[in-house]
Amino acid sequence: MQTLTNRAKPVDRHPMTRMEKLYLPAIAKGMGITLKHFFKKKVTIQYPEEKRPFSPVFRGLHVLNRDEDGRERCTACGLCAVACPAEAITMEAAEREPGEENLYREEKYAAKYEINMLRCIFCGLCEEACPKDAIYLSETFAPANFKREGFIYGKNDLLIPDPVKEPELYQKALGSRAKKS
Amino acid sequence: MADEKKLFKVTIDNITIEVEPGTTILNAARSIGGEVAPPAMCYYSKLKNSGGKCRTCLVEVAAGSTADPRPMPKLVASCRTTVMDGMIVKNITSERVIDARAGVTEFLLLNHPLDCPICDQAGECHLQDLSYEHGKEGTRFEFQKRTFKKHDLGEYIQLHMTRCILCYRCVFVADQLTQKRAHGILDRGDHSEIATYIEKSLDNDFIGNVIDVCPVGALTDKTFRFKNRVWFTKPVDAHRNCSKCCGEVQLWMRGDEVFRVTARKDEWGEVKDATDGRPGWICNECRFEKKDLKDWTIDGPTKVNRHSVISQGHYVGVQMPKDFLPEVMGGRGPKLLMDIHKVSEVNRPEIELSKIDGPAHGDDFAGAKQ
Chain C
1223 MQTLTNRAKP VDRHPMTRME KLYLPAIAKG MGITLKHFFK KKVTIQYPEE
1273 KRPFSPVFRG LHVLNRDEDG RERCTACGLC AVACPAEAIT MEAAEREPGE
1323 ENLYREEKYA AKYEINMLRC IFCGLCEEAC PKDAIYLSET FAPANFKREG
1373 FIYGKNDLLI PDPVKEPELY QKALGSRAKK S
Chain F
291 MADEKKLFKV TIDNITIEVE PGTTILNAAR SIGGEVAPPA MCYYSKLKNS
341 GGKCRTCLVE VAAGSTADPR PMPKLVASCR TTVMDGMIVK NITSERVIDA
391 RAGVTEFLLL NHPLDCPICD QAGECHLQDL SYEHGKEGTR FEFQKRTFKK
441 HDLGEYIQLH MTRCILCYRC VFVADQLTQK RAHGILDRGD HSEIATYIEK
491 SLDNDFIGNV IDVCPVGALT DKTFRFKNRV WFTKPVDAHR NCSKCCGEVQ
541 LWMRGDEVFR VTARKDEWGE VKDATDGRPG WICNECRFEK KDLKDWTIDG
591 PTKVNRHSVI SQGHYVGVQM PKDFLPEVMG GRGPKLLMDI HKVSEVNRPE
641 IELSKIDGPA HGDDFAGAKQ
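Residue numbers (the working numbering), protein chains in the order written: chain C, 1223 to 1403; chain F, 291 to 660.
Keep in mind that the hints were calculated from the coordinates and are not lab data.
Any given hint could turn out to be false.
[To be verified] DEER-style ranges, computed between Cβ atoms:
#1 Gln434/F x Phe1368/C: 40 to 46 Å
#2 Phe1368/C x Gly559/F: 37 to 43 Å
#3 Glu1350/C x Arg544/F: 56 to 62 Å
[To be verified] Negatives, chain F to chain C, calculated, CB over 10 Å:
#4 Asn339
#5 Gln609
#6 Phe614
Please read all numbers here as calculations on a predicted model, not as lab measurements.
A virtual CB, placed ideally from N, CA and C, is assigned to each residue, including glycine.
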């Protein structure tokens, strides 16, 4: 058979010599390799106590952003849903009523906003499509769940903590990559 | 006389056609179709005297006629200029036209707010198309955009004066379709605005057509306000027996809910004539009050241009793949399946958005299963 590369090595099938039949040198050699690794730098880390830094372009769980006054930025324009290749995002819009100006930034807001994390492929196109800087992908994973129902994320799961009422949680949710402004 | 009618030969972007005398350059170009047709924001073929205001349809006339082949010194508005025999017109082949159109678009956008994410017209807005195709990317306008105090145009029509580009189409509708014109344009220049004179309510049967003729989101349907984005609704052709109008409409549906009713539009975004030749204007009853599927006879899905955002997610000719699971599992189906409609809070069957008169509010969703 013609090989693709010239790096192929034929399997050595010659009968073992007397020395090889003793196995002891081979065992010693193998143990030596194991022992050598004790003193090498470990490639694993103790998750969840230790965590690896995320890559600057990592795309994790979605966050619905608020503005500096704690108002929801999303206006339910539907551009994230239309950009979504997996069709994971759905929403329903409502009109802001007088007295709700401290809750929602614009005249229209998303009364319901839902991302199906089972469908989501974390491509980040929703983040790119958003004209209001309202959705972005954070540095967290979607936590595991025993039931599929737990992966339908509503607004309660997605909204970032209020920067006015819960500044520490807000900073934590922003992550290390947040724009310094 | 009829058999000896002389046809004028006119060349638009190197395409020669013969049209009847008295045809405007714009209509001649539209009979060729495609990209040769200049965009029009104010001209509306179904409305008399419309056109000549927005200047987006400017074209270059390279030769006036065979008798007088001098070029016209300035760009002309193609919706108001009639063709001459032997006229040579340059539209997209002319640098001047493209440059002028970018300038006109910039002017139209000067005072137009950047609220497309909120605007219900987004997705079928002619100004969006115009700025996308002919406009420049950035803005040089550094001043406050003009704003207006809110006007109430009755319970069905929402007027956003800030979005208006003063094309006067709605004024012509009110003038030509209804008996009494109760709205027009007040003030001059930068301050001009569409208004009902001294809060006269617009209670004419055909006043709803101002929504269809509006090229931007200045006049929108209050019964559809914020209900859904147009590209998430399914356009369906339907008809009913109406004593007032032709009854041929387009329904914009989600599932079995009728979110919005509009007149049928042709490829230029204008209201199409009905199949019996009558104008396709529809009455307020059809437009605003028949939001039940039982009122309509469905003719079939509307053909939507593939390049339109409205065609997104409308999969045509899709075949359900064969479900192999029962076969592989020895006849039994999978035990763990999730029905998304049991979990999802969006599109709950107990909330019928189409039955809510105006836009939905927070409390409309409060009764839903959490």
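Tested hints:
Look at Gln434/F against Phe1368/C: about 55 Å separates their beta carbons, and that is not inside 40 to 46 Å. With their beta carbons about 52 Å apart, Phe1368/C and Gly559/F fall outside the hinted range of 37 to 43 Å. At roughly 26 Å, the beta carbons of Glu1350/C and Arg544/F sit outside the given window of 56 to 62 Å. The non-interface label for Asn339/F is consistent with chain C: the shortest C-beta to C-beta separation is roughly 35 Å, beyond 10 Å.
In this structure Gln609/F is separated from chain C by more than 10 Å, as the shortest Cβ-Cβ distance comes to about 18 Å. With a least CB separation of 20 Å from chain C, Phe614/F remains clear of the 10 Å interface cut-off, as annotated.
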